[in-house]
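*Asks:* Below, each chain spelled out in residue letters.
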Amino acid sequence: MNIDLNLILPEIFLSLSIMSLLMIGVFKKKSSNLIFNLSILTLFILAALILNLSSVNKILIFNNSYVIDDIANFMKILTAISAIFVLSISTDFLKSLKIYQIEYPILILCSILGMMVMISSNDLIVFYIGLELQSLALYVLAAFNRDNVLSSESGLKYFVLSALSSGLLLYGCSLIYGFTGSTNFNEIANNTNQVPYGLTFGIVFILVGLAFKISAVPFHMWAPDVYQGSPTSVTLFFALVPKIAATCVFIRFLYVPFVNMIEQWQMIIIFISIASMIFGAVAAIGQKNLKRLIAYSSIGHMGYSLAGIATGSSEGAQSTIIYITIYVIMNLALFCCLFMLKRNNEYFENIEDLSGLSKNHPILSLSLLIILFSLAGIPPLAGFFAKFYIFMAVIEQSMFFLAIIGLLSTVVAAFYYLRIIKIIYFDPSKEKYDSNHSLGLRISLIVSTIFLVFYFTYPNSLLGIISKINII
Amino acid sequence: MNIPILSSLIFLPTIGAIFIFFSRSKNEKYNSSKYVALFITIANFFLSIYLWLIFDQSTSDFQFVETREWIPGFINYKVGVDGISILFIILTTFITPICVVSVNKTIKSRLKDFLISILLLETLMIGVFCSLDLVIFYLFFEGGLIPMFLIIGIWGGERRVYSAFKFFLFTLLGSVLMLVAIISIYWLTGTTDVEKLYEIGIDAKYQNLLWLAFFSSFAVKTPMWPVHTWLPDAHVEAPTAGSVILAAILLKMAGYGFIRFSIGLFPIGSEYFVPLVFILSLIAIIYTSLVALMQEDMKKLIAYSSVAHMGFVTLGIFTLTQQGLEGSIFQMVSHGLVSAALFLCVGVVYERMHTRLIKDYGGLVSIMPKYAIVFMIFALGSLSLPGTSGFIGEFLILMGAFKKNFLVATVASLGVILGAAYILWLYKRVIFGKIKNQEVTKMLDLNKYEILILWSLAVPIIFFGFYPEPLINTMEVSINNLIDMYNSNLSNNIVMSK
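These protein sequence lines are chains A and B, in that order. With this note's numbering as the guide, the letters of the first sequence map in order to residues 1 to 472. With this note's numbering as the guide, the letters of the second sequence map in order to residues 1 to 498.
Hint data in this document are derived by calculation from the structure and do not stem from the laboratory. Everything numeric in this text was worked out from a predicted model, so none of it was measured. Possibly wrong hints are sitting among the right ones.
[Claimed, not checked] The following residues of chain B were derived to be distant from chain A, with all beta-carbon distances above 12 Å: (1) Q57; (2) L150; (3) M443; (4) N480; (5) I494.
[What the hints assert, rightly or not] Think about it this way: if two alpha-carbon atoms lie no more than 25 Å apart in a straight line, the pair counts; the simulated PhoX-like pairs of lysine-lysine are: (6) B:K370 / B:K359; (7) B:K108 / A:K430; (8) B:K108 / A:K432; (9) A:K422 / B:K166; (10) A:K288 / A:K342; (11) B:K34 / A:K359; (12) A:K422 / B:K108; (13) B:K370 / B:K434; (14) B:K370 / B:K428.
[As the list claims (entries may be wrong)] Facing chain B, from chain A, some residues (calculated, C-beta under 10 Å): (15) F44; (16) M221; (17) F271; (18) F279; (19) A376; (20) K387; (21) F391; (22) M392; (23) A403; (24) G406; (25) T410; (26) V411; (27) V412; (28) F415; (29) R419; (30) S438.
Built from N, CA and C at the ideal position, the CB exists for glycine as well.
Build the full structure now, drawing on both the sequences and the hints.
*Replies:* So, in structure tokens, the structure goes:
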């Protein structure tokens with residue numbers, strides 16, 4: 001077997017870096033700063049290596065079980081870049097919580113390796129290995145602040161529920177193997193011309209497992225608790241990076257092995273999508289904790305991104321990719337603001353703490369204003385375009401019911417975003433927060449906010465890249 | 001002419017806003033930023049007047065069209081004006097500097113932010129009236145929610161939060177359905193370019209649904225009964241400048257939308273729903289006039305009168321006659337001036353007394369004679385006395401209505417009487433009578449800024465009342481063309497269905 005190892009150079013590089021970073025970390029004392037910086041550097045190189053592969057047209061390797069194509073490359077770059085931002089904006093936070101340890105970036109790198117395997121997998125077994133690699137790293141991350149009860153609780157909760165969903169997923173995989181005789185996505189697709197019930201069950205189990213990973217309703221229960229309990233930097237990671245990989249896997253599963261069974265899964269996805277949109281919008285209204293609110297809002301956003309996939313068209317999948325990209329940028333910016341709510345080494349995360357922020361921190365409040373309106377999907381901010389492309393795809397398939405429900409739930413969702421804006425701008429002000437933020441944090445916030453504001457001047461910047469992605 | 005005059009009109013205020021944003025002044029009053037804003041808005045006004053002068057009144061085509069690729073193969077940034085939209089643009093650029101001047105005392109905190117909001121809002125409003133692409137239109141139309149939400153919420157009165165939320169959510173709820181319709185139009189016809197859509201036309205069987213979706217958005221914004229309830233709240237709580245913009249321009253976006261999109265794109269749908277619009281308009285005229293009679297708060301009274309006047313506008317638009325449409329546009333321009341002026345008048349006394357309740361005033365005529373005069377002009381303009389611009393508008397609308405349906409026109413005429421009743425009664429209670437409240441005696445008459453603002457509004461009201469030609473001439477050809485297109489579309493459809 002002759003395999004061009006250059007094709008998986010990014011993965012190889014990342015694995016070697018993880019091991020060497022671990023060695024450095026173990027044998028060199030007080031090296032957390034070094035490891036952090038090296039990890040960021042690793043991610044930069046990783047992104048460059050993946051970019052280097054972008055000329056490659058879809059290639060299958062390792063007996064067709066691993067695929068390198070446009071969508072995989074795009075999602076991997078997105079993962080790497082968002083991880084760079086995550087690491088660079090969370091250093092201050094980790095230091096003040098006294099969990100600035102070498103394991104932290106290494107675990108993040110491990111989970112990214114897992115995600116890259118997930119994204120590129122073209123085989124049930126490879127997919128499962130990638131999934132478990134990322135999940136195991138995430139379990140530890142959730143409980144990273146082990147002296148904190150909430151953090152440990154969220155770690156345990158996440159572990160138990162996630163393990164359950166992995167179990168369901170594995171069961172689904174085995175059913176599919178049983179009924180099609182293969183674990184390879186392409187061969188599964190070839191063997192699904194007639195659909196026995198068992199196969200449908202297999203799909204349902206797999207969708208349940210995946211829906212759990214992106215916290216879509218009705219498998220969302222873990223998200224608010226885990227988001228709230230985990231250290232904020234880990235919440236940030238949870239809210240962004242795993243969702244990219246999971247969305248990609250969603251697309252991959254539904255568009256490759258189950259492409260012929262659209263009647264079987266379309267209704268399920270539509271249901272999950274509508275339920276998530278409505279639930280995310282309604283449940284977030286009563287929240288007092290910002291991280292919890294973000295959890296519910298991300299449930300809603302996942303509903304929208306699934307609406308794109310539910311169309312079953314390649315425009316739909318592209319719109320989902322655009323959505324997830326803009327979602328990542330919006331949430332990144334939102335968490336930057338969250339990290340700036342610091343006073344005397346203490347971080348604040350209740351909505352009430354934002355009261356009257358605009359008096360003392362005009363720039364921060366303006367950014368929050370832009371981010372929140374963008375999350376609510378008000379034009380001309382980037383968040384509107386994300387929704388716009390989704391609904392373009394949805395309406396193209398004449399799924400008016402989905403489109404109208406989705407748009408109506410944006411109105412409900414607008415309410416709780418407006419509530420935060422109201423608290424920032426209309427309410428009396430409180431004590432000042434610190435203003436000595438790290439450079440990485442400031443730059444991340446400014447870059448992402450500028451993107452959100454000025455995206456409309458040149459929407460082709462994102463659309464041009466993504467519309468070239470060949471989904472199937 | 002290669003200068004993109006419309007784009008300069010649209011984006012000049014934004015440039016001003018960015019300039020103000022980055023300017024740091026140590027002076028707490030931010031005087032310099034006010035002058036910047038004033039300069040920018042007046043420059044924009046002159047630019048729009050220049051536009052009007054070089055505007056060719058003899059053609060109904062869109063002029064000064066600019067097209068730029070925006071999302072390749074999908075949406076173009078396309079702007080242009082015809083005889084209908086140019087009037088709204090001038091109205092916008094005329095009202096905005098007045099708002100900037102009027103913030104002199106009313107806005108106590110964060111003047112800089114307020115000016116930025118006003119300037120951004122001007123960009124968005126002009127954009128709405130210029131855009132010739134549905135998606136671009138939607139962007140401008142919805143984008144206006146953000147600055148207006150902040151204007152009501154930050155600088156508003158006691159119940160500002162409630163009002164701001166109500167304003168935002170009502171409007172958003174109406175608009176999302178329009179978004180569905182816009183996207184559907186794209187998939188039905190393959191374009192969102194308004195000019196092309198006028199040519200292609202939209203399949204008759206979809207028109208009713210699409211019309212309803214657009215209607216849901218415009219009806220909230222107009223506002224029509226029964227979705228008008230956000231307007232009194234928003235007006236009462238908004239600062240004076242906010243009320244002025246809201247009444248004078250934001251409401252007109254919906255009227256403009258009816259003319260440009262509902263009638264232009266969906267003639268069959270419009271024809272089908274004429275009775276619905278008539279009934280809602282009549283209810284708005286009669287019911288809200290009665291409600292206005294019973295108001296104790298001056299701003300609320302004027303807000304309800306706005307609903308009634310906009311009822312006339314929608315009635316006129318859907319008579320689908322030359323007179324009705326011309327009257328509606330005239331009425332919108334006139335109402336833009338009159339309601340702006342009335343809100344400014346209320347603002348004047350509110351600044352001095354900090355109350356808007358009618359019963360707290362009375363006998364102002366002897367204390368503030370100059371005020372009494374201008375208020376009189378605006379009150380008469382509001383009740384559409386011959387010789388004011390309001391008369392021309394309502395007269396033309398009623399003429400159009402009589403052509404179409406006698407009963408509807410008769411009921412609407414009753415509304416004119418009610419309109420006279422509430423505004424005159426308001427005037428009587430505030431200006432005439434005995435001085436009941438001793439505080440009133442301490443009030444000062446208009447200062448020079450207020451005189452400048454109010455008279456600059458009073459002059460066009462009277463001028464266009466006596467000499468409506470410039471406005472009518474500008475819009476005539478475009479409206480003719482619109483009605484021709486409408487009728488030919490309808491007859492084509494009848495032929496086809498036979």
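*Asks:* All hints, please: hold or fail.
*Replies:* Comparing the hints with the structure gives:
1. Look at Q57 (chain B): its CB is around 33 Å from the nearest CB on chain A, clear of 12 Å, so calling it non-interface holds up.
2. The Cβ of L150 (chain B) sits about 7 Å from the closest Cβ of chain A, inside the 12 Å cut-off, so the non-interface label is violated.
3. No Cβ of chain A comes within 12 Å of the Cβ of M443 (chain B); the nearest lies about 30 Å off, and the non-interface call holds.
4. Even its closest Cβ contact with chain A, about 34 Å, leaves N480 (chain B) beyond 12 Å, as expected for a residue assigned away from the interface.
5. Every CB of chain A lies more than 12 Å from the CB of I494 (chain B), the least distance being 28 Å, so the non-interface label holds.
6. For the hint linking K370 (chain B) to K359 (chain B), the alpha-carbon distance of about 21 Å falls within 25 Å, and the restraint holds.
7. Taking the CA atoms of K108 (chain B) and K430 (chain A), the gap is near 20 Å; set against the 25 Å cutoff, the hint holds.
8. Simply put, K108 (chain B) and K432 (chain A) have alpha-carbon atoms about 22 Å apart, close enough for the 25 Å limit, and the pair holds.
9. Under the criterion of a C-alpha separation no larger than 25 Å, the hint pairing K422 (chain A) with K166 (chain B) is consistent with the structure, at around 13 Å.
10. For the proposed pair K288 (chain A) and K342 (chain A), the alpha carbon gap of about 18 Å is at most 25 Å, so the pair holds.
11. With a CA separation close to 20 Å, the supplied pair K34 (chain B) and K359 (chain A) stays within the 25 Å bound.
12. Taken as a hint, the K422 (chain A) and K108 (chain B) pair is honoured in the structure, with Cα atoms around 19 Å apart against an allowance of 25 Å.
13. A threshold of 25 Å between alpha carbons decides the hint, and for K370 (chain B) with K434 (chain B) the separation of about 18 Å falls inside it, so the pair holds.
14. A threshold of 25 Å between alpha carbons decides the hint, and for K370 (chain B) with K428 (chain B) the separation of about 16 Å falls inside it, so the pair holds.
15. A least Cβ separation of about 31 Å between F44 (chain A) and chain B goes past the 10 Å threshold, and the interface hint is therefore violated.
16. Using the Cβ-Cβ criterion of 10 Å, the hint placing M221 (chain A) at the interface with chain B is not satisfied: the shortest such distance is roughly 29 Å.
17. Hint status for F271 (chain A) relative to chain B: violated, with the closest Cβ pair at about 20 Å, above 10 Å.
18. Taken as an interface hint, F279 (chain A) does not check out: its beta carbon lies about 19 Å from the nearest beta carbon of chain B, beyond 10 Å.
19. With a least beta-carbon distance of about 9 Å to chain B, the hint placing A376 (chain A) at the interface is held under the 10 Å criterion.
20. For K387 (chain A), the interface hint holds, since its Cβ comes within 10 Å of a Cβ in chain B; the closest pair sits about 9 Å apart.
21. Using the Cβ-Cβ criterion of 10 Å, the hint placing F391 (chain A) at the interface with chain B is satisfied: the shortest such distance is roughly 6 Å.
22. Hint status for M392 (chain A) relative to chain B: holds, with the closest Cβ pair at about 6 Å, below 10 Å.
23. Taken as an interface hint, A403 (chain A) checks out: its beta carbon lies about 5 Å from the nearest beta carbon of chain B, inside 10 Å.
24. For G406 (chain A), the shortest C-beta to C-beta distance to chain B is roughly 9 Å, which falls under 10 Å, so the interface hint holds.
25. Below 10 Å, beta-carbon pairs count as interface contacts, and T410 (chain A) has one with chain B at about 6 Å; its hint therefore holds.
26. At its closest, the beta carbon of V411 (chain A) sits 5 Å from a beta carbon of chain B; the interface hint therefore holds under the 10 Å criterion.
27. A distance limit of 10 Å between C-beta atoms decides the matter here; for V412 (chain A) the minimum to chain B is near 9 Å, and the interface restraint holds.
28. Taken as an interface hint, F415 (chain A) checks out: its beta carbon lies about 6 Å from the nearest beta carbon of chain B, inside 10 Å.
29. Because the closest C-beta pair between R419 (chain A) and chain B is about 8 Å apart, less than 10 Å, the hint holds.
30. Proximity of S438 (chain A) to chain B is violated relative to the hint, the smallest CB-CB distance being about 24 Å (cut-off 10 Å).
This entry does not satisfy hints 2, 15, 16, 17, 18 and 30, going by the numbered hints stated previously.
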